[in-house]
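Visitor: This is what each chain is made of:
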Amino acid sequence: MAEKKQTVPFQGTEEQEAALKKVIADLQDDRGKLMPILQKAQDIYGYLPMEVQKMISDETGIPLEKIYGVATFYSQFSLNPKGRYRISVCLGTACYVKGSGDIYNALMEKLGIVGGECTPDGKFSLDACRCVGACGLAPVMMINDEVYGRLTVDDLDDILAKYE
Amino acid sequence: MGNVNLKINGLDVSAPAGSTILEAARLAGIKIPTLCFLKDINEIGACRMCIVEVKGARNLVAACVHPVNEGMEVRTNTPELLEARKRTLKLILSDHDKKCLSCVRSGNCELQELCQELGVDDENYFEGVKNEYELDTSAPHMIRDNNKCILCRRCSAVCEKSQAVAVIGPNNRGFATFIGSAFDMGLGETSCVNCGQCIAACPTGALYEKDFNDEVLKAIADPEKHVVVQPAPSVRAALGEEFGYPMGTDVEGKMAAALRRIGFDKVFDTDFSADLTIMEEAHEFLDRVKNGGVLPLMTSCSPGWVKYCEHYYPELTENLSSCKSPQQMFGAITKTYYAEKMGIDPKNIVCVSVMPCTAKKFELGRDDQNAGGVPDVDISITTRELARLIRKCGIDFRSLPDEGFDDPLGESTGAGVIFGATGGVMEAALRTAVETLTGKELENVEFTEVRGTDGIKEATYHVAGMDVNVAVASGLSNAREVMERVRSGEANYHFIEIMGCPGGCVNGGGQPQVHADVRNFTDVRAIRAKVLYDNDAAKTLRKSHENPSIKKLYDEYLGEPGSEKAHHILHTTYVKRTIN
Numbered sequence: 001m002a003e004k005k006q007t008v009p010f011q012g013t014e015e016q017e018a019a020l021k022k023v024i025a026d027l028q029d030d031r032g033k034l035m036p037i038l039q040k041a042q043d044i045y046g047y048l049p050m051e052v053q054k055m056i057s058d059e060t061g062i063p064l065e066k067i068y069g070v071a072t073f074y075s076q077f078s079l080n081p082k083g084r085y086r087i088s089v090c091l092g093t094a095c096y097v098k099g100s101g102d103i104y105n106a107l108m109e110k111l112g113i114v115g116g117e118c119t120p121d122g123k124f125s126l127d128a129c130r131c132v133g134a135c136g137l138a139p140v141m142m143i144n145d146e147v148y149g150r151l152t153v154d155d156l157d158d159i160l161a162k163y164e
Numbered sequence: 001m002g003n004v005n006l007k008i009n010g011l012d013v014s015a016p017a018g019s020t021i022l023e024a025a026r027l028a029g030i031k032i033p034t035l036c037f038l039k040d041i042n043e044i045g046a047c048r049m050c051i052v053e054v055k056g057a058r059n060l061v062a063a064c065v066h067p068v069n070e071g072m073e074v075r076t077n078t079p080e081l082l083e084a085r086k087r088t089l090k091l092i093l094s095d096h097d098k099k100c101l102s103c104v105r106s107g108n109c110e111l112q113e114l115c116q117e118l119g120v121d122d123e124n125y126f127e128g129v130k131n132e133y134e135l136d137t138s139a140p141h142m143i144r145d146n147n148k149c150i151l152c153r154r155c156s157a158v159c160e161k162s163q164a165v166a167v168i169g170p171n172n173r174g175f176a177t178f179i180g181s182a183f184d185m186g187l188g189e190t191s192c193v194n195c196g197q198c199i200a201a202c203p204t205g206a207l208y209e210k211d212f213n214d215e216v217l218k219a220i221a222d223p224e225k226h227v228v229v230q231p232a233p234s235v236r237a238a239l240g241e242e243f244g245y246p247m248g249t250d251v252e253g254k255m256a257a258a259l260r261r262i263g264f265d266k267v268f269d270t271d272f273s274a275d276l277t278i279m280e281e282a283h284e285f286l287d288r289v290k291n292g293g294v295l296p297l298m299t300s301c302s303p304g305w306v307k308y309c310e311h312y313y314p315e316l317t318e319n320l321s322s323c324k325s326p327q328q329m330f331g332a333i334t335k336t337y338y339a340e341k342m343g344i345d346p347k348n349i350v351c352v353s354v355m356p357c358t359a360k361k362f363e364l365g366r367d368d369q370n371a372g373g374v375p376d377v378d379i380s381i382t383t384r385e386l387a388r389l390i391r392k393c394g395i396d397f398r399s400l401p402d403e404g405f406d407d408p409l410g411e412s413t414g415a416g417v418i419f420g421a422t423g424g425v426m427e428a429a430l431r432t433a434v435e436t437l438t439g440k441e442l443e444n445v446e447f448t449e450v451r452g453t454d455g456i457k458e459a460t461y462h463v464a465g466m467d468v469n470v471a472v473a474s475g476l477s478n479a480r481e482v483m484e485r486v487r488s489g490e491a492n493y494h495f496i497e498i499m500g501c502p503g504g505c506v507n508g509g510g511q512p513q514v515h516a517d518v519r520n521f522t523d524v525r526a527i528r529a530k531v532l533y534d535n536d537a538a539k540t541l542r543k544s545h546e547n548p549s550i551k552k553l554y555d556e557y558l559g560e561p562g563s564e565k566a567h568h569i570l571h572t573t574y575v576k577r578t579i580n
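Residue numbers (this note's numbering), protein chains in the order written: chain A, 1 to 164; chain B, 1 to 580.
Treat the hints with care, since some could be wrong.
As the list claims (entries may be wrong) - Under the rule of at most 30 Å between Cα atoms (straight-line distance), these lysine-lysine pairs were calculated in the BS3-like manner: (1) A:K66 - B:K39; (2) B:K55 - B:K98; (3) B:K218 - B:K347; (4) A:K21 - B:K161; (5) A:K66 - B:K576; (6) A:K54 - B:K576.
It is worth saying that the hints were derived from the structure and are not from the lab. Just so we're clear, the structure is a prediction, and the values are computed from it rather than from any experiment.
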């Protein structure tokens, strides 16, 4: 389930806005324009905050709720930015039976965010993922490209402390 | 196009080519159950209640959207189909708040009815995780209880297609799907116009108006309070449906009798202030024409339309008539003229309106709606709420005698009555404006060009040497089309009537809910509108300016239409809003 709460203030630039407006202008006459516009908007901004969805609504005349409905339907769209350090906890079968659900919950508590969100300082974002191909190390999580395996909840503080 | 021949349950059926199986079955007297289907509005074949067997087809097909073919063989009620529908219902029930006993739709719920018809014998057959949602109470007029939502999408389809508002829709995916607004805004934070068409479309108890019956009863029980009631024209055209009368029955007399028995001190009639609205609005129109005012003039009786204009066409709010709506004019006159006449402090008058409308609950709280220094109208209830109030008070509606309204705010003409149908305000205004302009009595008071349930109607009348171009639209998607014509300069209208709900107030968001089975196959708007036109035709006085009580009101109190006093009491202002 995509998350709605915006934890990080919007910091779009004029260049980004100009790029988005060009994308919309190029696609304006397409009947099925919403998906490609949303995909390109996410390329430009990295995510689809309310400000961006409102801009799309104003420019295309597509009602905001319609855009939001699509943005929350597809898991490829994110309503929150990714942090400098992207944490993905594997909730695939092997990791899950080895307790990755507890790891995921503990991270939510420690970071004060829920899955899909980013901490207000932009440092950590948290997502669940499916199988990173390291089932032998279950339960597994990744922070950017670093893999951490055979995790316990007690390991988490030390791991997070490494990222400054 | 011609007809195609098919067999339904072994019977030979001939149906127009292009019909759906659902429609063809209907012709043969066979009812196929539906839940998500609303004709022309929500044709998505999603709920699977209407599944039927088609010989040679790989799967069961949705009858609501599947077209008929020559030689097709359809089965609608095999044991397997009945079982499959039952299973679908049980799955819906597995994530449904089944507090039927206290549900506002109990006895009138399409889900409940289907469960009975198909013999669902265990409402907890599929046990598992359930979604739990908080009620959305943020809007002034209604509540959304997603725990009772079955995700049929009838509400969001109506909001988008019929009303061009689209502030609600399905968010998220799969089991987490729910109907809501963008970024989890409460409905009250969006540019919802309070029309209530979503409530009218909802098959279950997920959407319902905020009920103010307890406040009404409390006011009546308070000996300090003088409680007056004003039912709108359209209420009498539909209230009977709640008490088993066929659609299209005029229950004006029984309604007045019921209101009296509930205990209101005076039973007046919004038809009176509809006449008053015409006096002011016709005057405003002629004034704008003569003095180069902003044209086209657009009617302001429908609070859903007014709010829509403020959100979506803020640059056209100057075109809106400054006249308050009949509901508000009624309250304003009650708390000024009537209060003075009766020697009652306006603070001790409680003005209750009964409306076919949910947006009236919002309208009474708008700025500049307090002519007597207190709110013009205190409580607005819908036709549905009145029906509940009548039952709650133990009134046997069907056995009531026909009674009339009280004086002096109960007298009305045929012009006031037709306000409830699309085109009615225009016709009523024309009756008065044309006579005022020409100074001659109209030979025929019926302006039939603006009647009927078409979404947009246009006409040109030649009056006193000038061509008056009028347009009438109902349903906000039609209003939007007319506004685009105005904005682009494509059309040169002088006077536009707009009603927020399709067909006008008779089909308002506060009227008795009509089962989709009926709604899909009959023109509810035309049947209810006929009540009003018949009521008008039967009246001796059919022009607002001939209403003796209105004449007296101007003589004794207001002076002339458009006078300073009339402006102070009967006119209002608008704001510019944004789209959310």
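Visitor: May I ask which of the numbered hints given earlier this structure violates, with the numbers listed in increasing order?
Guide: 2
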